[in-house]
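Trainee: Listed here are the chains, written in short residue letters.
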Amino acid sequence: MNLSDSSLALKRISASPEPVAPGIRQNPEIAKLVDISRCIGCKACEIACKEWNELKVEPTHNFGSFQSHVDLSPDTWLLMRFNEVEIGGDVKWLIKKDACHHCEEPGCLFACPAPGAIVQYENGIVDFNQENCIGCQYCVAGCPFDIPRFNAETRKVYKCNMCIDRVEAGLEPACVKTCPTNAISYGTKDDMLLLAEDKLEVLNNRGFQNAALYNPEGVGGTHMMYVVPYGDQLKEYDLPESPVAERGAISALGAIKTIGAFLFGAGILATALHYLAVGPDTPDENSHGEG
Amino acid sequence: MARNELQRHSYAHRVVHWTVGLSFLLLLLTGLAFSYPSLFWMTTILGGGAAARVIHPVAGIVFSVGLALMFNKWVREMFLGQLDWKWLGAIKAYASHDRAAVPPVGKYNAGQKLFFWVESILGAVLLLTGLPLWFPADFGADFLVLMRLLHYLSALGAGLFLIVHVYLSTVAYPGTLRAMLYGRVTAGWAKLHHPLWYKEKTEH
Numbered sequence: 000m001n002l003s004d005s006s007l008a009l010k011r012i013s014a015s016p017e018p019v020a021p022g023i024r025q026n027p028e029i030a031k032l033v034d035i036s037r038c039i040g041c042k043a044c045e046i047a048c049k050e051w052n053e054l055k056v057e058p059t060h061n062f063g064s065f066q067s068h069v070d071l072s073p074d075t076w077l078l079m080r081f082n083e084v085e086i087g088g089d090v091k092w093l094i095k096k097d098a099c100h101h102c103e104e105p106g107c108l109f110a111c112p113a114p115g116a117i118v119q120y121e122n123g124i125v126d127f128n129q130e131n132c133i134g135c136q137y138c139v140a141g142c143p144f145d146i147p148r149f150n151a152e153t154r155k156v157y158k159c160n161m162c163i164d165r166v167e168a169g170l171e172p173a174c175v176k177t178c179p180t181n182a183i184s185y186g187t188k189d190d191m192l193l194l195a196e197d198k199l200e201v202l203n204n205r206g207f208q209n210a211a212l213y214n215p216e217g218v219g220g221t222h223m224m225y226v227v228p229y230g231d232q233l234k235e236y237d238l239p240e241s242p243v244a245e246r247g248a249i250s251a252l253g254a255i256k257t258i259g260a261f262l263f264g265a266g267i268l269a270t271a272l273h274y275l276a277v278g279p280d281t282p283d284e285n286s287h288g289e290g
Numbered sequence: 000m001a002r003n004e005l006q007r008h009s010y011a012h013r014v015v016h017w018t019v020g021l022s023f024l025l026l027l028l029t030g031l032a033f034s035y036p037s038l039f040w041m042t043t044i045l046g047g048g049a050a051a052r053v054i055h056p057v058a059g060i061v062f063s064v065g066l067a068l069m070f071n072k073w074v075r076e077m078f079l080g081q082l083d084w085k086w087l088g089a090i091k092a093y094a095s096h097d098r099a100a101v102p103p104v105g106k107y108n109a110g111q112k113l114f115f116w117v118e119s120i121l122g123a124v125l126l127l128t129g130l131p132l133w134f135p136a137d138f139g140a141d142f143l144v145l146m147r148l149l150h151y152l153s154a155l156g157a158g159l160f161l162i163v164h165v166y167l168s169t170v171a172y173p174g175t176l177r178a179m180l181y182g183r184v185t186a187g188w189a190k191l192h193h194p195l196w197y198k199e200k201t202e203h
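As you go down the protein sequences, you meet chains U and V in turn.
For the first sequence, numbering that gives the first Met the number 0 assigns the number 0 to the initial residue and increments by one for each residue that follows.
For the second sequence, numbering that gives the first Met the number 0 assigns the number 0 to the initial residue and increments by one for each residue that follows.
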């Protein structure tokens, strides 16, 4: 299947009505599947991400971990987190590919007040358009995975866009392309779900009884999914156990604002009607004893 | 001062009033643009959404400082007394300009006093809820939505009272606006709207 088909068709636009363009063609949803059990910790994906997206190199320092950077930043959209955890008397590396999960229900997009600053393509990619971003950082708070990062100089927010420019051209994202162990797979979401089943079976046979697919329902599923060998240790992977996209409260706020707009209009109308009914109360400058 | 004119608001009072008033208008303009995507175009006037996002909290600080000064300058005159409750009982007569049925009031009537208290409280809520919205990155989504709701509701309340305030002080009661612009009112205006204050001012 040609995954570049209509990948730039829009599904949702921040602070704008939806659906944007209900077409008759069904566009495939795409997804990345990260098999943590195959990751050898080489961090080539981090480099590929920096290179393809032309992100500034940030000096690193040893802070007692195999990890390259302490945290994501406006110039670091992908960070392999290495959490050392003791399981069954052994120290294990619970690795997390920290980057945008491309939620089906994106909390960042729902929170965004700037029209067109965040868009979701029909293929599932959630992308920030910096030219429309006003720098309010509501998306940072709205993201259940703590991914977007604010650049105080440009006053814009940045994150992984799943190499939308590559995907649109029918190529896989840079991190997928570069991974030497095929720990990151890429394809339609349906294919990735099937692949995950196979991978889980293999892991189960290898003795990882708690191996699990991480594709949380609270955000409608994600377009970057994980296969984690220790599915009972999500917390140790830094993966939220039940992330939720805040949408109901935002919708309620929208409804209240609609009522507010009517009240505001009614207020202006009421003063106009009052003026027409009784007119101005003008003082009589030359009379005495008035009032 | 011209004959038959009374001094009502000092220069300092007027500066403070317009600091609060103009900064609030700027806040309302940018806030409406952030609240309603259909009004987002209004940010263009200020140089676009990103510029409006920078201006809004700064204007909020100017507003808050102005409001604090305003509170300090006016609060002593704003406590409601027995006369005020009588005046509120006759608010229908006041609204229909039935002059004879409105109990005489001093420098401020109960409506003005209530306006002062409502705007002061809403202004404080706007400041307190606005601070986390200014630096939202470290707050949770739920908390932020709650702050957005409270910020919006207090702005709506303040905006509704502002409509009444502007209406009454301009077209409804001619001669009022000049009190806040030049500080002076005519004797006729004082006798009509604030007869007890007129008496107090002219007896000395």
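Treat the hints with care, since some could be wrong.
[Stated by the list, open to error] Between beta-carbon pairs, the in silico distance windows are:
| id | chain 1 | residue 1 | chain 2 | residue 2 | range |
| --- | --- | --- | --- | --- | --- |
| 1 | V | S95 | U | D145 | 41 to 51 Å |
| 2 | V | A123 | U | A168 | 46 to 56 Å |
| 3 | V | V53 | U | G63 | 33 to 43 Å |
| 4 | U | T281 | V | V163 | 17 to 27 Å |
| 5 | U | G278 | V | L145 | 37 to 47 Å |
| 6 | U | I255 | V | D137 | 47 to 57 Å |
| 7 | V | G46 | U | A254 | 23 to 33 Å |
| 8 | V | A123 | U | N181 | 53 to 63 Å |
| 9 | V | R75 | U | E57 | 53 to 63 Å |
| 10 | U | T281 | V | L113 | 36 to 46 Å |
In case anyone wonders, no lab produced these hints; they're calculated from the structure.
Here the structure is a predicted model, which means the values were calculated and not measured.
Glycine is no exception: its CB is placed at the ideal position from the N, C-alpha and C atoms.
Trainee: Determine for every hint whether it applies to the structure shown.
Mentor: Verification of the supplied hints:
Between S95/V and D145/U the C-beta distance comes to about 59 Å, which lies outside the given range of 41 to 51 Å. The hinted range of 46 to 56 Å is satisfied by A123/V and A168/U, whose Cβ atoms lie roughly 54 Å apart. Take V53/V and G63/U: their Cβ atoms lie about 38 Å apart, and the range 33 to 43 Å holds. Distance hint check for T281/U and V163/V: the Cβ-Cβ separation is about 19 Å, which falls inside the suggested range of 17 to 27 Å.
Look at G278/U against L145/V: about 44 Å separates their beta carbons, and that is inside 37 to 47 Å. A C-beta distance of roughly 25 Å is found between I255/U and D137/V, which places it outside the suggested range of 47 to 57 Å. Our hint of 23 to 33 Å for G46/V and A254/U holds, since their Cβ atoms are close to 31 Å apart. One distance hint, 53 to 63 Å for the beta-carbon pair A123/V and N181/U, holds here, with the actual separation near 59 Å.
A hinted range of 53 to 63 Å for the beta carbons of R75/V and E57/U is consistent with their spacing of about 57 Å. Taken as a hint, the range 36 to 46 Å is violated for the pair T281/U and L113/V, whose Cβ atoms sit roughly 25 Å apart.
Checked against the numbered hints given earlier, this structure breaks hints 1, 6, 10; the rest are met.
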